[in-house]
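What follows is each chain in one-letter form.
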Amino acid sequence: MPTYDIFHLPALDSITVMYFFFSGLTSGTFLLSLWAGYGQEKLKSVAKPAAVITPISLAIGLLLLVLHLERPFQFWRILITFKPTSTTSWGAWVLNIFFVISFLYAFLWLKNKGEKAKMLGLFGLPFALFTGLYTGLLLMQMSGNALWDSALLPWIFLVGGLLTAIAVTVIVLTVMGQKPTEPFFGLRRHIQALIAIELLMIASEFVGLFTGGAAATEIAVMLLRGKLSFWFLNLEVLVGLLIPLGLLIVAKRSKNAGLHVAVSALVIIGVLTMRFIVVLVGQGQI
Amino acid sequence: MKKRERSSSGQSTAEHERPLRRREVLKVGTLGALAGCTGVGKAMAGGGSANKKKCYGMVIDLRRCIGCHACTVACKSEFNVPLGVWRSWLRIKEDGEYPRTRRTFMPKLCNNCRNSPCIKVCPTGAAYYDQDDVSSIDQKKCIGCKLCIGACPFKQRFINPDKNTADKCTMCMHRVRKGLVPSCVNTCMGNARIFGDFNDPNSEVSQLKRDNKVEVLKPELGTKPQVYYIGGTDR
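So the protein sequences, as listed, match chains A and B.
When the letters of the first sequence are read in order and numbered with the working numbering, they come out as residues 31 to 316.
When the letters of the second sequence are read in order and numbered with the working numbering, they come out as residues 13 to 247.
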């Protein structure tokens, strides 16, 4: 039956999605750098480039965050207020503190003071985790959206951020002329593990959607069989997750730089599609 | 029928002249689960309500709404609302198959929730409860982050293209404070919209809420809306 109603423009647009992407990337590169710094010997050389990417990515993210405001020149108002009930207020503060930390962290790595950088990195760890999770928390706080009423959402975003972080780091390293040798093999294993985790979380999310009432089931069906199935199944799951996973398994010890860049590009496309789908579908835009 | 006296004090002098039969049939008493303003019961027990905090809201009798859009137009003109956005409007639904068809109208406006998601998410404090506990927007503080728009489960908020800030129905508090009723209530020819203070047990809205089966939109979200609908066939 026809219904005539007023629909105002939705709250979140593609600039917001890009900002989500960059905040995930920021969190991911910082965590990757920390992981590489403290972790295995093989990954050591990744710590520095990942650390340098972090503040650059966060700067782009913060710029997008300001640009998405209707009154960008009033953005300072968010910095003279702290509202504990607003995830955005938390986010604004954490992001600003994290920006300073990540900047110092990258600076220390550039000065080759790895040990000091690692100490600072530990202090920055909770900030990095929050940056990765908070975009999902922000969506969770929007009431009445079936897709966003999920406690898995921040974690899907965090793992997505880690995936893009590795992908971007691989691309940057390749562009800088690094041969696809040892650190790449370590990163490949991480990509495989993260893709597996992401797939499992998406599967759990669907169980949640199918058991979460009529509106949630409708979204699940739309993603699997409806008009969004191309974007979700083909682009997000197949191109973004399954094909990279398959490529990495098949070409196990390939030293082809092209393969690594291709896998990275596919992963980035997949995560970006995921964020677009979550944001635009969640607010009923599609 | 004598025209009902209109005042925001909610004293309905001609209440007995309203056709109450259908309502009496529907009478199920107050719906405790829906009661957002707990002051109602206390005020009733205590008797007086002069210094109590206000809890403004509306009761909308959907059986009386004929879909004339007068409220939409009155609201537009009261606030000079720009083209393309609305503070209050009608949702129209068509049901049935020819020749057995019908249209139902549902006036929509800010629900003045007592537990507002929009106020919670606002990072600058631009969304706030004013001195009369009405959900309001401080246009100076609003930076246009649009989170309140996403958080409102009733999709009542929008970006005002003239001011570039969030905007919505404010229950016409500039009129109410001068003793008038909101513009949409004033113009409603069917008396479908009734405005008043739910914390005053003698107000017309309190009486209507007590004596009728009232519903709020999306009660499951726990936002405690203060716009109650009578005679809703669906949501």
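These are computed hints drawn from the structure, not numbers from a lab.
Source: prediction; values computed, not measured.
Among the hints, a few may not be true.
[As the list claims (entries may be wrong)] Here are some chain B residues pointing at chain A (derived, C-beta under 10 Å):
1. Ala-86
2. Ser-89
3. Val-97
4. Arg-103
5. Ile-104
6. Lys-105
7. Gly-108
8. Pro-111
9. Lys-120
10. Cys-134
11. Thr-136
12. Asp-142
13. Cys-160
14. Gly-162
15. Gln-168
16. Lys-175
We put the beta carbon where it would ideally sit given N, CA and C, even for glycine.
Just to be careful: measuring from the Cβ of Gly-108 (chain B) to every Cβ in chain A, is the smallest value less than 10 Å? Status holds, d = 8 Å.
Holds or violated: is the Cβ of Pro-111 (chain B) closer than 10 Å to a Cβ in chain A? Check failed: Cβ of Pro-111 (chain B) comes no nearer than 15 Å to chain A, outside 10 Å.
Hint validity - Cys-134 (chain B) Cβ closer than 10 Å to any chain A Cβ: Holds. Min distance 6 Å.
Quick one, is the Lys-105 (chain B) hint okay against chain A at 10 Å, beta carbons? holds, 5 Å
Given Lys-175 (chain B) as an interface hint, is its Cβ closer than 10 Å to any Cβ of chain A? holds, 9 Å
Does the interface hint hold: is Thr-136 (chain B) within less than 10 Å of chain A, judged Cβ to Cβ? holds, 5 Å
Per-residue hint verdict: Asp-142 (chain B), partner chain A, C-beta under 10 Å: violated, 17 Å
Hint validation: Arg-103 (chain B) versus chain A, beta carbon distance must be below 10 Å. Holds or violated? holds, 4 Å
Can the hint on Ala-86 (chain B) be confirmed by a CB-to-CB distance to chain A that is less than 10 Å? With Cβ-Cβ at 16 Å, over 10 Å, it is violated.
Would you check whether Ser-89 (chain B) satisfies its interface hint, that is, whether its CB is within less than 10 Å of any CB in chain A? violated, 17 Å
Once the shortest beta carbon distance from Gly-162 (chain B) to chain A is found, is it less than 10 Å? holds, 3 Å
Can Lys-120 (chain B) be said to touch chain A, with a Cβ gap under 10 Å? Holds: closest Cβ of chain A sits about 7 Å from Lys-120 (chain B), inside 10 Å.
Consistency note: the structure conflicts with the earlier hints numbered 1, 2, 8, 12.
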